[in-house]
Amino acid sequence: MNRFFPWGFLSVTALVFLAIFVAYPILGVLFRSFIGENGAFSLDGFETFLTRGKYLEALMNTVILGLIVTLTCTILGVFLAFVVARYDIPFANIVLLLPLSVLIIPELISAQSWVMVFGNNGLITNLFKALGLPFPRFYGWFGLIYVMTLTYYVHVFLAALAALRGFDHSLEEAGQSLGTAPFTTYFRVVFPTILPAVLASGLIVFTLVIGNFAISIALAQRVPLLSVMTYRSFISELGGNPTMQSTLATVSILLVSGVLFLQKRYLSKRNYQMVAGRSTPRIKLRGWKALLISGGAGLIIVLSLMPALVVLMGSFTVSRGPVMYWGQFTLEHYVRIWDFNLAVIGNSLKFASLATGLGVCFATLVSYLLVKKRSVFSPVLDYLLLLPLTISGTVLGIALAQGFNSGPIVLSGGLLMVLAMMVRRLPFGVRNASSNLHNISNSIEEASVSLGVPPVRTFFNVVLPLMAPGIAAAAILTWVTTVAELSASVVIYQAGQETLPIQIFRLISSDLMARASAFGVINMFIILVPVFFGIKVMKVRLFSS
Amino acid sequence: MAELILQDIRKSYGDTEVLKGVSRRIADGTFFTLLGPSGCGKTTLLRIIAGFVSPTQGTVHFGRDDITRVLPHERGVGMVFQDYALFPDKNVFDNVAYGLRARKLSSKEIQRKVPEYLEKVGLGGLESRLPAEMSGGQRQRVALARALVIEPRVLLMDEPLSNLDASLRVQMRDVIRSLQLETRTTTIFVTHDQEEALAMSDEIAVMKNGCIDQCGAPADVYRNPKTAYVSRFVGSANLIEAEFLEHGLDGVDRYRVQDTLVAGRTMEVAANGRYLMIARPENIKIRRKDSDPVGGELEGRIASFQFQGYRTSFHVVLKSGEDLHVETVGEAETSALGRGDNVIVSIGEKCLFVPEASA
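Residue numbers (this note's numbering), protein chains in the order written: chain A, 1 to 545; chain B, 546 to 904.
What the hints contain is simulated information worked out from the structure, not anything from laboratory work.
Values in this document were obtained by computation on a predicted structure and should not be read as measured data.
Wrong hints could be hidden among the right ones.
Said to hold, decoys possible - Derived BS3-like pairs (lysine-lysine); straight-line CA-CA distance at most 25 Å:
| id | chain 1 | residue 1 | chain 2 | residue 2 |
| --- | --- | --- | --- | --- |
| 1 | B | K565 | B | K753 |
| 2 | B | K653 | B | K635 |
| 3 | B | K665 | B | K649 |
| 4 | B | K895 | B | K864 |
| 5 | B | K830 | B | K895 |
| 6 | B | K635 | A | K539 |
| 7 | B | K658 | B | K635 |
| 8 | B | K753 | B | K834 |
| 9 | B | K635 | A | K373 |
| 10 | B | K635 | B | K665 |
| 11 | A | K536 | B | K834 |
| 12 | A | K372 | B | K834 |
Same shape as in the complex, but just chain A (with noise of 0.2 Å):
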């Protein structure tokens, strides 16, 4: 009997496939630096990057950036995680929103729609001028920190809490019992347990911080990072010397993957078992602490959704150039999108749903071979698996667009653009899906196939129908990553293939933020939609794993 078929048949194909898409550009990325303009090996790149001031303060302010986001969205989220867990205050359940208002609002529109406050022709900044008082400068680095903090401090709210509402109480007792004060014990033992999951936490802002493109090219304007910079280079050099992309890009690759090694080698041994045991009892506040702590609460809050209020204000306020006219309503944004733009929104959804159908049938495939069966070949895919996660999407884009525009495998714009859109979210897709898959047992396909059912008519039989939670949300959070995705796309397009956050970022760099905002409208509903009807309709539970 053949036991090579299907399962290592089909081990075999998914290795080949991370292999070509996924292995061999990005490895083409980090050849291509050593190598120099006569085609022989060279420093070229690397002597460049070290000697011109540019380049190295590219670095240098990527990485503190990086830092003091990391900070900022800790100290935020765990003291949100602390409120909602410790305290009763009044409305707990839009807490519950807040990682929503992440999956709904992309990077880009929360950007835009802070530069449409706090920018050059924002409501805050005009009504400070009309004061005639001074505004600091929104773009740069003040701008970076306040919108990146907003966008990613619900990644350590999620894991603080989860981590606090999994702490057991007893041992808080335990330690009182013992002759320390409550507030020293919050500190000698709950601390320190919470620990591990805010670092881990705070490593994923860090990667997500340095790899970030959409809100570093909206307001990084005189603060030189190293993703805008990869960006350029590769927009303005196409075509000519591809040396300086591929080490830029090469040294944003070693940076994020040095942060992953860190995190496995350092942070996985420090996961504490916590015995299930009771949960802490909130306390509910009275007078002056409860005013200070609600309200502080209360805006994180507010400024969290706030980006889709003002958005969609927008997308309905007169404007002319880049002047709003706030308080002015019209449609006119819309019907513009409708005459001529409908193809951006085809573009947006074509591509989108070819990417979450793939990938989401992908990981389905490698999350079962990977758990269930398990061959020579599963180390291997294994780890072609974190690669992806190893590459901010613009170094994606590159290379994509270096390794299949031209040498033995050429592909078109449309198709790098699925494979791109698909490839980001690969990782997550397989974890998703997998997340059932631990706690099926080998023994019921055992007894399908005893029964008489052969083995792949087993999987769609028994498997297919337990994993289906975790491949419904695989695919909506694809979906969501894959509609919002910019920053490798916008390496990839060709003319005609603009998809929405496109469309928006070249709106947002003319300066046209109510046309932006009507585009923005349109994107979050298409993200909406799914979302809603995924935990609505079918209960899936997005945040579980």
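Knowing the structure of chain A, use the given hints to seat chain B on it.
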């Protein structure tokens, strides 16, 4: 339903030989138990019969059909798993109907057969329950109905009772055995629980290190263990070194055990002449020391005892320092014995002698 023939089954994983040539002919309708500790290869053997593991060497026949290379889903075996392996998203009816649907039976037939088998396992009327809504015992009954409804040629059971609590386990033994007798399905039952094996089987195969050490009817294996290993794994046994003296009449040989003479059957001749005496605890008599020991008797002292109602269990330390486990049933004079009492134990004539190397 069919006779099951295993021929020189071997299985190796790398350098580790898990099965070292198992051959056995299991008659049609037999309840056959593979008994052994974990790692002895019993589950591997079961999975080879099911087709989930292919043997490195050897053949499996159902009657005249060589099924060694037949795929698992084409073998027509019923299998019951330790963790029940019910399909959690399907209700009881759909679980039991699963194999029938795979066989493309008409829905009329399915509607008739499923309730019939649920009735047999005592779950009539629970068709629409989900596995999560049932107790462990009920789930195992569903699994049993699901495996039997397809009228398998062979029923395979992989430690099906080990996840149940003690009283349920005893109850399920009866359910399984009486169903097996009713359907006359050839059944291979894997367990490490000797009590289960003795209570349910037509035949027991005691396995050790990938081989069948001894095979036979439960009473036969219990009464006539051929090795010290089997004597300890099936029932409990005292093993004491013995020295062969002479052959006796009717196969009853004479041995020296410590400082006394004991007569008993030699199960197998030891190549090196070193023997072990097997004495079942219930075959040893115990009394307060009233005189010096005579032939077949040894002297000792009660280290501890447990009164267990109808029987009493003694831990005796012999004069030589060796431990002896003795059980007595409802005897008035032994119930007066207590800790520290000096006693005489008489080994009796029911003991057996096996080569020491086999231990």
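- Item | Hint consistency between K653 of chain B and K635 of chain B [alpha-carbon to alpha-carbon, up to 25 Å] | holds (20 Å)
- For the pair supplied as a hint, K665 of chain B and K649 of chain B, is the alpha-carbon distance within the 25 Å limit? holds (23 Å)
- Query: Holds or violated: are the alpha carbons of K635 of chain B and K539 of chain A at most 25 Å from each other?
  - Reply: Holds - the C-alpha atoms of K539 of chain A and K635 of chain B are around 19 Å apart, at most 25 Å.
- Item | Holds or violated: K753 of chain B to K834 of chain B, with C-alpha atoms at most 25 Å apart | Violated - the C-alpha atoms of K834 of chain B and K753 of chain B are around 40 Å apart, more than 25 Å.
- Task: Quickly compare the C-alpha distance for K536 of chain A and K834 of chain B to 25 Å and report which way the hint goes.
- Result: The given pair, whose Cα atoms are some 82 Å apart, is violated under the 25 Å limit.
- Item | Holds or violated: K565 of chain B to K753 of chain B, with C-alpha atoms at most 25 Å apart | holds (10 Å)
- Item | Hinted pair K635 of chain B and K665 of chain B, Cα distance within 25 Å | holds (20 Å)
- Hey, K658 of chain B versus K635 of chain B, does the alpha-carbon distance stay inside 25 Å? Holds: K658 of chain B and K635 of chain B sit about 17 Å apart, inside 25 Å.
- Pair hint outcome, K895 of chain B versus K864 of chain B [Cα-Cα no greater than 25 Å]: Answer holds: K895 of chain B to K864 of chain B is near 22 Å, not above 25 Å.
- Query: Given the hint that K635 of chain B pairs with K373 of chain A, does the C-alpha gap stay at or below 25 Å?
  - Reply: Judged against 25 Å, a Cα distance of about 24 Å means the pair holds.
- If you draw a straight line from the CA of K830 of chain B to the CA of K895 of chain B, is it 25 Å or shorter? holds (11 Å)
- Message: Check whether the Cα positions of K372 of chain A and K834 of chain B lie no farther apart than 25 Å.
- Response: violated (65 Å)
In summary, the numbered hints that this structure violates are 8, 11 and 12.
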